[in-house]
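Participant: Each protein sequence line maps, in turn, to chains A and B. Residues in the first sequence are numbered from 1 upward in steps of one, following the numbering used here. Residues in the second sequence are numbered from 1 upward in steps of one, following the numbering used here.
FYI, nobody ran anything at the bench for these hints, they're computed from the structure. Hints may contain errors.
What the hints assert, rightly or not - Here are the simulated distance ranges between beta carbons:
| id | chain 1 | residue 1 | chain 2 | residue 2 | range |
| --- | --- | --- | --- | --- | --- |
| 1 | A | 278 | B | 22 | 31 to 39 Å |
| 2 | B | 92 | A | 363 | 43 to 51 Å |
| 3 | B | 274 | A | 27 | 51 to 59 Å |
| 4 | B | 355 | A | 266 | 47 to 55 Å |
Stated by the list, open to error - Here are the simulated DSSO-like pairs of lysine-lysine, each with C-alpha atoms no more than 30 Å apart in a straight line:
| id | chain 1 | residue 1 | chain 2 | residue 2 |
| --- | --- | --- | --- | --- |
| 5 | A | 327 | B | 66 |
| 6 | B | 395 | A | 397 |
| 7 | B | 207 | B | 239 |
| 8 | A | 23 | B | 351 |
| 9 | B | 25 | B | 411 |
| 10 | A | 395 | B | 58 |
| 11 | A | 395 | A | 25 |
| 12 | A | 28 | B | 66 |
| 13 | B | 265 | A | 66 |
| 14 | B | 28 | A | 66 |
| 15 | A | 196 | A | 87 |
| 16 | A | 407 | B | 58 |
| 17 | A | 25 | B | 265 |
| 18 | B | 265 | B | 207 |
| 19 | A | 395 | A | 407 |
| 20 | B | 28 | A | 58 |
| 21 | B | 351 | B | 25 |
Beta carbons are placed, not taken as given, at the ideal position from N, Cα and C, and that holds for glycine.
2 protein chains.
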Amino acid sequence: MALVNEHFLKLPGSYLFAEIARKVKAYKISHRNADVISLGIGDVTQPLCPAVIEAMHKATDEMAQKSCFRGYGPEQGYDFLRDAILKNEFAPRGIRLNRDEIFINDGAKSDTGNIQELLRWDNTIGLTDPVYPVYIDSNVMAGRAGTLENGRWSDIVYIPCTAENDFVPQIPQQRPVDVVYLCYPNNPTGTVISKKELKRWVDYALKNDVLILYDAAYQAYITDPEIPHSIYEIKGAKKCAIEFHSFSKTAGFTGVRCGYTVVPKELTISTLDGESVELNPLWNRRQCTKFNGTSYISQRAAEAIYTPEGRRQVQQTIGYYMQNAQKMLSTLQSLGFRVYGGENAPYIWMKTPDGCSSWEFFDALLFGAQVVCTPGVGFGPSGEGYVRFTAFGTKEKTDEALERIAKWSNK
Amino acid sequence: MALVNEHFLKLPGSYLFAEIARKVKAYKISHRNADVISLGIGDVTQPLCPAVIEAMHKATDEMAQKSCFRGYGPEQGYDFLRDAILKNEFAPRGIRLNRDEIFINDGAKSDTGNIQELLRWDNTIGLTDPVYPVYIDSNVMAGRAGTLENGRWSDIVYIPCTAENDFVPQIPQQRPVDVVYLCYPNNPTGTVISKKELKRWVDYALKNDVLILYDAAYQAYITDPEIPHSIYEIKGAKKCAIEFHSFSKTAGFTGVRCGYTVVPKELTISTLDGESVELNPLWNRRQCTKFNGTSYISQRAAEAIYTPEGRRQVQQTIGYYMQNAQKMLSTLQSLGFRVYGGENAPYIWMKTPDGCSSWEFFDALLFGAQVVCTPGVGFGPSGEGYVRFTAFGTKEKTDEALERIAKWSNK
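Produce the complete structure using the sequences and hints provided.
Facilitator: Spelled out as structure tokens, the structure:
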């Protein structure tokens, strides 16, 4: 008799964004002429840049000819892209990595989940709170989260990041963790981590044999030269950290599907007998067994963002979104709201006024200004009393949303 | 202290095709002018058909414009493709499925592995033997295989398919299984399953609450109208089977990455308490949490194979490969070899002569004719004494390889 993985049954029925979509749909049904603007879901709105489009056409044409047709690619990704990443993302920051430490993926979401297959089911997971829900849900499925009680999973160690501690994640003191997820620039708070604070985490991980899963999906939005783009800017990080990158937000690849995961050869974790095991060959084996590589065309598309034109064009789009962010920050501040993030990240994290709950504020904003935000509590218990806005809208819609918010809040 | 999933450490060091590549490389180093022809790995050689190329260019152009740019797609795939699949693959065979029972994937390899996340770690797995190595390795990683002893995993139930039983998989009698993988047309043997035999499996599964994982990746190569293309042609299969499809071999998508997985709503498995659980919503939740959909361009490419031109062009390429298969069958037969498969599948399974082992024959053929086959034992213990040839080469190379084999075997 086939038996189900019962951990799946512990997951609450509905996912944050599905719940938001349901509420917006209900609002639209009862307000037929309403023009709702979403600053909620973090999807991009600007088209792919010309250099990428050109590369995709060229790659498509290659697939039409016997002489240059490409079948199965390497599961780890093509060397042309791995080398472009090494040269453009890491070498300029003084980070030396080898080609076989870079694994091309189909986006960071898959790999931040799949990497857990290399880990025993009973590792204790630490998570900054609020957090990208995928880290939690995928660990629930694997049986590492325990049970849900009052919005908290019993076996997860929550590391609160709120205005009270200036959004700086503190090393957990009460209960040791085995694996910790860090995401900087942060989704959802839009805050960043300094080299000094990140070094504290690396030192802690090295001392306690903790594995850091570092999600750098938003690093392209960093403008401050002091903020690290990669955890490998910190000495020793190659011994304790896996890093996830995505071209989704860097170059608008949410529909193209390409990114990369860095698993350094120096990185080891332990068997129950205390023996050290290198994770790089295990991840390679996992990918060769359960993945067949990313689309050739997507890989050529990603390569194109490292050409001189590609770099310039991608920067231009990032600048476009960051102008939205700046305008959102200044407008919301001028209206008296307390806002965070938005300076080195495409997200703005806002304290709800007057002790309002996240969902109360969500409803009030939807009904009052026809603007959709994301309730902070959907990202974890420490997100209660906050909402998230994204800068990925068009300039026109963002401006209009801000005008509506201004009008509504001045009532 | 982060702890490794120790099941990974049980996997033998090298993967079948890596071992073949190593042997071929060594041969080429010591025989510098040798022109080696590979009939080993199952990758296609013919370019994508014009209808697919056109669709990919068009989709790329859409991504260049704000008005029709596509960001995140549905994790389950776009409706246009799900509907095209229902209309073209299932409706004509009298199979009624709903759109939300079709999940677009990035190839069957990922999903035949990932589907296991829905299953408890202690289900007993049944596998036809020889078998696609990915089914075994991915179950080893999940802890379901036990330990490796003399080429056999202690917790796997092997279902031998050899010339002695006419390659018909028999229901396991000694030990009950909870989950069974069936792949038809079969990789590696190229044999097919009749409706009558498949019905025996469905009836067995329904009676014993067994889950069938049915891999139909090669169904497009079926020419005999009596052979089922889908397990859902058998009554009751929707209650007990998940089916995996891929466009890799159907339309040369090995570098494009697109396929689909069917999880019917009627399908349930059990909790330890004996409660029935529907797998469709669980798989949907898994995909929403750990997958972000397949590339938009790959999905438009797949849609194009269902246009009238696309269908014709794809059929032409399949015909090209099947001509290779026919020629291989007749030539090898005329040389006195015992060959199987190759009539409704792109693989030919050949008994090695004179009690030769798989690897002995591999070496002899490489050194004697500079032709690469795949040693059958690499697919499991019942593959010993066989080798696999694929029909995916070019006509020219296949013809030349056959001439060389003829010359060599007549020596």
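Participant: Decide, hint by hint, whether the structure agrees.
Facilitator: Here is what the structure says about each hint:
Roughly 21 Å separates the CB atoms of residue 278 of chain A and residue 22 of chain B, a value that falls outside the hinted 31 to 39 Å. In this structure the hint that residue 92 of chain B and residue 363 of chain A lie 43 to 51 Å apart at CB holds, the actual value being about 48 Å. Remark: the range hint 51 to 59 Å for residue 274 of chain B to residue 27 of chain A is contradicted by a beta-carbon distance near 42 Å. Restraint check, residue 355 of chain B to residue 266 of chain A: a C-beta distance of roughly 49 Å satisfies the suggested window 47 to 55 Å.
Using a Cα cut-off of 30 Å, the hinted pair residue 327 of chain A and residue 66 of chain B holds, with the two alpha carbons roughly 22 Å apart. The hinted pair formed by residue 395 of chain B and residue 397 of chain A fails the criterion: a straight-line CA distance of about 57 Å is larger than 30 Å. Pair hint residue 207 of chain B plus residue 239 of chain B holds up; C-alpha atoms about 11 Å apart against a cutoff of 30 Å. Taking the CA atoms of residue 23 of chain A and residue 351 of chain B, the gap is about 63 Å. The hint is violated against a cut of 30 Å.
Straight-line distance between C-alpha atoms of residue 25 of chain B and residue 411 of chain B comes to about 26 Å, which keeps the hinted pair within the 30 Å bound. Distance hint between residue 395 of chain A and residue 58 of chain B is fulfilled; the C-alpha atoms sit about 27 Å from each other, no more than 30 Å. Distance check on the hinted pair: residue 395 of chain A and residue 25 of chain A sit about 24 Å apart at the alpha-carbon level, within 30 Å; holds. Restraint check: the Cα-Cα separation between residue 28 of chain A and residue 66 of chain B comes to about 24 Å, which is no more than 30 Å; the hinted pair holds.
For the suggested pair residue 265 of chain B and residue 66 of chain A, the alpha carbons sit about 42 Å apart, so the restraint of at most 30 Å is broken. Our distance criterion of 30 Å between C-alpha atoms is met by residue 28 of chain B and residue 66 of chain A, whose separation comes to about 24 Å. Between the alpha carbons of residue 196 of chain A and residue 87 of chain A the distance comes to roughly 26 Å, so the proposed pair stays at or under 30 Å and holds. In summary, the hint linking residue 407 of chain A to residue 58 of chain B is not supported, as the alpha carbons are separated by about 43 Å, beyond the 30 Å threshold.
Using a Cα cut-off of 30 Å, the hinted pair residue 25 of chain A and residue 265 of chain B holds, with the two alpha carbons roughly 25 Å apart. At most 30 Å may separate the alpha-carbon atoms for a hinted pair to count; residue 265 of chain B and residue 207 of chain B meet this at roughly 19 Å. For the hint linking residue 395 of chain A to residue 407 of chain A, the alpha-carbon distance of about 18 Å falls within 30 Å, and the restraint holds. Distance hint between residue 28 of chain B and residue 58 of chain A is unfulfilled; the C-alpha atoms sit about 33 Å from each other, more than 30 Å.
Taking the CA atoms of residue 351 of chain B and residue 25 of chain B, the gap is near 25 Å; set against the 30 Å cutoff, the hint holds.
When each numbered hint is compared with the structure, violations occur for hints 1, 3, 6, 8, 13, 16 and 20.
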